[in-house]
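Make the full structure from the sequences, and use the hints.
Here is how the chains run, residue by residue.
There are 2 protein chains.
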Amino acid sequence: MATIRDLARRCGVSVATVSRVFNNPDAVTRETREAVLRAAALLGYTPSAPARTLATKRSCMVGLAWDTGHRGPGWRHPFLQELLVGLKTALSERGYHLLMLAAGEDADGHLRAVRRHSLDGVVFIDDGTADPALTRLAESGVPCVSLDRPVTGRRATYVTSDNAGGAAAAVRHLHERGRRRIATIAGPGRTHPGAERLAGYRAALAALGLPVREEYVVEGDFYLGGGHAAMRRLLALDERPDAVFAAGDEMAIGAVRAALEAGLDVPGDVAVAGFDDIEPASLVRPALTTVAQDRAGFGAAAAAALISMIDDPDAAAPPPTVLPARLVVRETSGPPRAG
Amino acid sequence: MATIRDLARRCGVSVATVSRVFNNPDAVTRETREAVLRAAALLGYTPSAPARTLATKRSCMVGLAWDTGHRGPGWRHPFLQELLVGLKTALSERGYHLLMLAAGEDADGHLRAVRRHSLDGVVFIDDGTADPALTRLAESGVPCVSLDRPVTGRRATYVTSDNAGGAAAAVRHLHERGRRRIATIAGPGRTHPGAERLAGYRAALAALGLPVREEYVVEGDFYLGGGHAAMRRLLALDERPDAVFAAGDEMAIGAVRAALEAGLDVPGDVAVAGFDDIEPASLVRPALTTVAQDRAGFGAAAAAALISMIDDPDAAAPPPTVLPARLVVRETSGPPRAG
DNA sequence: GATTTATCTGTAACCGGTTACATGAAACCG
DNA sequence: CGGTTTCATGTAACCGGTTACAGATAAATC
Chain S
1 MATIRDLARR CGVSVATVSR VFNNPDAVTR ETREAVLRAA ALLGYTPSAP
51 ARTLATKRSC MVGLAWDTGH RGPGWRHPFL QELLVGLKTA LSERGYHLLM
101 LAAGEDADGH LRAVRRHSLD GVVFIDDGTA DPALTRLAES GVPCVSLDRP
151 VTGRRATYVT SDNAGGAAAA VRHLHERGRR RIATIAGPGR THPGAERLAG
201 YRAALAALGL PVREEYVVEG DFYLGGGHAA MRRLLALDER PDAVFAAGDE
251 MAIGAVRAAL EAGLDVPGDV AVAGFDDIEP ASLVRPALTT VAQDRAGFGA
301 AAAAALISMI DDPDAAAPPP TVLPARLVVR ETSGPPRAG
Chain B
1 MATIRDLARR CGVSVATVSR VFNNPDAVTR ETREAVLRAA ALLGYTPSAP
51 ARTLATKRSC MVGLAWDTGH RGPGWRHPFL QELLVGLKTA LSERGYHLLM
101 LAAGEDADGH LRAVRRHSLD GVVFIDDGTA DPALTRLAES GVPCVSLDRP
151 VTGRRATYVT SDNAGGAAAA VRHLHERGRR RIATIAGPGR THPGAERLAG
201 YRAALAALGL PVREEYVVEG DFYLGGGHAA MRRLLALDER PDAVFAAGDE
251 MAIGAVRAAL EAGLDVPGDV AVAGFDDIEP ASLVRPALTT VAQDRAGFGA
301 AAAAALISMI DDPDAAAPPP TVLPARLVVR ETSGPPRAG
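First to last, the protein sequences are chains S and B.
Every letter in the first sequence is one number past the one before it in full-length UniProt numbering, and letter 199, counting from 1, is 199.
Every letter in the second sequence is one number past the one before it in full-length UniProt numbering, and letter 91, counting from 1, is 91.
Worth double-checking, as some hints may not be accurate.
[To be verified] Derived, one-sided and incomplete: chain S residues facing chain B with beta-carbon distance under 8 angstroms:
#1 T53
#2 R112
#3 R116
[What the hints assert, rightly or not] Chain S is nowhere near these chain B residues, computed Cβ spacing over 10 angstroms in every case:
#4 E31
#5 A207
#6 R240
#7 A316
None of these hints come from the bench; they were simulated from the model.
Glycine is no exception: its CB is placed at the ideal position from the N, C-alpha and C atoms.
Next comes the structure, spelled out in structure tokens:
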């Protein structure tokens, strides 16, 4: 492995000059610079990241704290893959790498990892429930961005979808399709998306001049079984809803199934809309009307927010990024002007 | 940030002693050790990973080379999430971290990243097509393990599922259900799973004493559309197959859809089995009979293979790991003894 | 031509660990 | 009891970069 000293000797210059060629090329004569670069190419020189980190305290690495939070080990992010691609791409364009942090342990584990590796920042992916690790980190002044979960902290911010707006769009869409008794299967209230989507549901009904009936609001768990159970409760009501907005696609699919099992037609008797546009949404029959998020945008926005904080150590954290959510109309919401 | 020298001064010992407390505790008196540990806890000391890496050439980090390979940017790993969990868990138990390598660029990009960060090894995730980057890395002597793709190299190995066995099990299952005209929608032949699953199909037919008709073998692309198109070709044959083994679930779902669109009953007229057990497999109706892989096992096996190579620098690479594939019987293969 | 200024380069300390080797004290031995 | 081992510890070089500061040279100024 060629080092900076090898290059220096070979070119008859000092190590400082070689270092400058890579970090501050303008501070060096053109000939010197080119000679050094030639030698570097010849020797296959690659600067050592640890050495640089040791000297500068900057690692050009950001941690990925990816925990399952409180929804248990079975929790899966609805689009981890696109998220990671977006994150990785945006980060690597700016010369940053992603280091996956080992899960959980104690609440300070992440903070220790940050110190141990001189991480420049960390991004949190979890299920949206409060996590002491994030809170600790955010308070400690390390640049943090979390996904789908609000944080406070001088150098902490978050990116999320327009959950309320998307939910409202779904509800408005069901209304446009002629439905009036619109229920919702909400997500767990302690999750940010769960709470926001419910808020969007309520706001949309209010804006449409429809009453919010509390028996039309049942809380699910974001999983298939929860959606199924919730739907059964809704169908057992005296005045059965003619449409259901489920705050997650798995729940929506569970709801559709429960309706079909009850001998009802979907969307004839009850229309259904979901949220997330997971892969199965387009594969089940009838295909699920849902709200899609800007998947790659999440990663890109997180990277951008993080880098802006890293670049300017004493700037305040940028405001939260709210990505647009887009209604995807398929079959479960029924044909236009039906109902 | 407390350093080893701070601890040394505070305890009245030398830096070497402090270092030994952490790396070779037995080489130090119990009292000294405890005093140092106490001071470390008190000061919140965390050893610096870059400094250690610089001195030892070992980073305790393995790279994750995650490329889309030749199946294009739309390619998604069927269970990236479980894979990463398995990998991360197994690695972190042994004190290793995962560094996500920036995609592609040139073929030597990965090798440079390895050198730059003193990575101890790298794991490759791609779509199973030949990738020069992996070949280069494997040849260079860096410990490598790839997923679902054979590699050769003194310190390179791979982990894969029993693709042939799983495919054979699916075919045998269709046969048991009374089907005799069993076709296959194969994956791209240049991918390892594609080739192996086809081999398993052929082997199973041979073992059952059934002829392999070449018109019953059509190649798909692992995607929905490919499965759909392939099924249409199969259904147009003079002697229509009464069962189809698709080498991937998306193709299988496409095939089911094509059959339904052609007015056929699934599984009544044609039974279908897939491979991978992707999430939608259990969500579509009729639910898809398929072959499930040991998802978490992939990550764990990759980590184990990698670590064994790292621990013993001049041992040969361990033999490939072949994880069991398990038949998951659902609805598309029909009821027992039907047909 | 002397003085100031700008530009480029070199020297050496430093980042925070590891480790070969030296040292001194205590334990062991015949 | 002198000599050898053993064991715990210390000294100092080293890993591969960065960077403050100083020095040298050339250009600009008067």
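Quick rundown of the hints versus the structure:
no. : hint : result
1   : T53  : holds, 4 angstroms
2   : R112 : holds, 5 angstroms
3   : R116 : holds, 5 angstroms
4   : E31  : holds, 26 angstroms
5   : A207 : holds, 33 angstroms
6   : R240 : holds, 23 angstroms
7   : A316 : holds, 24 angstroms
Hint check: no violations occur; every hint is consistent with the structure.
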